[in-house]
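These protein sequence lines are chains A and B, in that order. Note that the working numbering gives residue 152 to position 152 of the first sequence, counting from 1, and the numbers run on in steps of one. Note that the working numbering gives residue 43 to position 43 of the second sequence, counting from 1, and the numbers run on in steps of one.
Keep in mind that a hint or two might mislead.
Simulated coverage check for chain A against chain B, where a stretch passes if three residues somewhere in it have a Cβ under 8 Å from a Cβ of chain B [claimed, not checked]: (1) 11-23; (2) 57-71; (3) 118-132.
These are calculated hints, taken from the structure and not from any lab test. Using N, Cα and C, we set each Cβ at its ideal position, and we do this for glycine too.
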Amino acid sequence: MIAIVDYGVGNLFSLKQSLTAIGAEAVVTNQPETVLSADRVILPGVGAFADAAKKLSATGLSEVVRSVVDSGKPLLGICLGMQLLFETSYEFGEHKGLGLIPGRVVALKERISPELKIPHIGWNQLSLIEKSGKVHPIFNRIKNGDYVYFVHSYYATSCDQYVIANTDYSIPVTAAVARGCICGCQFHPEKSGDVGLRILKSFCEWSGEEL
Amino acid sequence: MISKRIIPCLDVKDGRVVKGVNFQNLQDVTSPVLLAERYSESGADELVFYDITASAEDRSLFTDILRQVAERVFIPLTVGGGINSLDDFDRVLKCGADKVSVNSGAIRNPDLISDAAARYGSQCVVISADVRRVNGGMRVFSKGGRVDTGLDAIEWIKRCVDNGAGEVVLNSMDTDGVKGGFDLEMLKLVTDAVDVPVIASGGAGCIKDFVSLFQTLPKVDAGLAASIFHFGQVSIKELKTALKERDINVRL
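Same shape as in the complex, but just chain A:
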């Protein structure tokens, strides 16, 4: 069973439906026991970093997510849920994340070409990064150059060794990261059509072991 952590931000209907569509059993929950008893956990999120970090910690779910990682179960952060995995975000000030992956979340603005629009919204291509000649297990059903759907204005940086896919928005933008049993996607697999479903399917089968 997969627990989708509901800490009060964003719309989890599509995410749950996408997991149902690939035959996975998923529950949307804010109950620590349910999250802890799941085989794998998804940390979703849309909206502002500070507000989400505050809610995650106020509900006690940040400690629950840490326990999930300590137990070695696979964890997938999506969009803001991925950004929350990092140490610090500079979205409207400076805010602490979960610190599960070393790195910072910074604004795309001023780093990308001035004629490009913010947010980075729409379908862009993944360039998969191989480690020891292999792509990360969550990408074993897709190919380099496949398109996925992005909506974001901030991105993770200073995390090179954990990056498993980039996308090109005049600069290489971190599209996915992994460290141990943790992985994260800046894009929305639940909104990325067939490619997204295949990524979720691979996550559902991933043991949580590093390459």
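With chain A held as given, fit chain B onto it using these hints.
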């Protein structure tokens, strides 16, 4: 790099997809759920659903359909029509919408866009403007194109973006349903005025119209159309292949 989006638009009335010419003579097309699935499979980048009914009964029928679509189709879904309050945002977001497009609701209540952007984020708020030339100016119309608001279109769109709208759908009423091509003149004024993504709507009649849209106005992010897709005159696959052959970046 980011690709140009092709977006079929489904006008839903009484649980069916309809499409009128110049907003009149609505013709019944087919089931929204089946059509949405077909479009997603053939490569649509996003779907827009407009609820063009008025009564509360029909409204719940519409959200039922939206929920059924969101259970089967895993690409971004935008919903518009009858969005007048944050409760309306909530209602459609809970049924699987990713973005909500406001039109008359924002004209009636200017705070709607800023309130919605504060609660759900700008990426969720789309301003949809029905625009027609009147006495040499570009005017915004409300209520499905029936009422001239007297507002200057460019000023209105700029104000909505300043208030937090994250995307603009520009529907030219002068070219809508005519199938003579997008309104490039009107679109240029809008892409010059705002920095957020602009979706062109109204006037697509053939593949060539999309080619000239993206070649003439590289700042346009997406092309939206209804009847040419519904009646099978243009298939999304064919369209995207043709765009790719002309070096326009699309997801294939």
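Quick rundown of the hints versus the structure:
Given a C-beta distance limit of less than 8 Å, the hint that chain B covers the segment 11-23 of chain A holds, as 7 residues qualify and 3 suffice. For the segment 57-71 of chain A, the assignment as covered by chain B is violated, since 0 residues bring a beta-carbon within under 8 Å of that chain's beta-carbons and 3 are needed. Counting residues of the segment 118-132 of chain A whose beta carbon lies closer than 8 Å to any beta carbon of chain B gives 8, which meets the minimum of three for the stated coverage.
Violated hint: 2 only; the structure is consistent with all others.
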